[in-house]
Amino acid sequence: MEKKAQVEILGLVIVVILILLGLVFVIKYIILDPQTPIRQDFLKTQLAANMINSVLSTSTKDCYGTTLKDLIINCYDKSGDQMICENGMPSCRYLNTTLQDIFSETLDVWGKKYTFLICEWDNDNEECELESEITHLERVGCLDPSVTRIEEKQSPIPTDRGQLDIKISICD
Amino acid sequence: MITRTKGQMKMMETLLILVIFLFLLGIVFILYVKLSRVSAEQSRSEDADLQSIEIAQTVAFLAELQCSAKNVAEDNCFDLLKINALSDLILRDPLIRNRYYYDLFEYSNITIQEIYPTERSFTLYDRHSEACEDGGGCSSKLTLIPTTIYDPYSKRYSFAVLSIRTTR
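Line by line, the protein sequences give chains A and B.
Residue numbers for the first sequence, in my numbering: 4 to 175.
Residue numbers for the second sequence, in my numbering: 89 to 256.
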């Protein structure tokens, strides 16, 4: 009689343990499951792609109305014919000032972490040559290895001297 | 006497099993309610996210605003003359705002802010739900998309930001 009761209690304990295990799984995988941030991913992708495209096609205020893309090409062409803008600034300085103005009014104000690079593309290593940077802007940069969830967009600009690469990274 | 005690023991055992069963049932019920609530909230938030993305995409590719040359639309660009024409039309004609564009933009505030070379703002559409105006519980999502504005007179592009705040 005593043994039968012990077996029954053991059975009950096993059932309770199984139910608790089930509950633990439900809590872990359903309740605590992090939501896929669809919107955040979409916005980051759109932001990175549109930022590059918009910046490249923007016309300058007082540099003969040339686009920033043409200014980048002129700045890279160091053959001695660097354009002097209407306000007396050489093209490279004008370019950097304009980009700083645009980024400080947008990504900086919105509190986004980003790195924006314009540099010469190294065909051998298939990467940007950091020594040949024309522009490097960042806010709490994304080059740190500890940073996760980075959205990167690149746009190549072919020039007479070689290929330039414009890269923007936006991270969380 | 012995039989009575045995019967009581049996009853106590059954009662204990019933109590444990009811306790577990209670936990499962509470979890089910919590799960349903969490899943409803997730679904609502996901719906709001998708709605804001849909409206942002609709505005970004709106034929009434997009730059075009020889009938070919240009991505990521709004025509300055079209911006002025559309904002005037929506402002002047409440029927167009409340019927046609409400179907597209629902309750939202859509503005294009020129950042460079000059700073100015164009409000294209603005409509809030009554619940929000009364200070009731409503959620809003802000979507910011960098873009350009093309001025056909000067043939220059300005850097701008399309700002869409959806409320529901």
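I should point out that these hints are in silico values taken from the structure, not numbers from a laboratory.
Among the hints, erroneous ones may be present.
Unchecked claim - Partial selection, computed: residues in chain A whose CB lies under 10 Å from chain B:
hint, residue
1, P40
2, R42
3, Q43
4, K64
5, L71
6, W124
7, N126
8, N128
9, E130
Source: prediction; values computed, not measured.
For glycine and all other residues, C-beta sits at the position ideal for the given N, C-alpha and C.
Evaluation of the provided hints:
no. : hint : verdict
1   : P40  : 9 Å, holds
2   : R42  : 4 Å, holds
3   : Q43  : 9 Å, holds
4   : K64  : 3 Å, holds
5   : L71  : 9 Å, holds
6   : W124 : 23 Å, violated
7   : N126 : 29 Å, violated
8   : N128 : 30 Å, violated
9   : E130 : 26 Å, violated
The structure fails to meet hints 6, 7, 8 and 9 from the earlier list, while all remaining hints are met.
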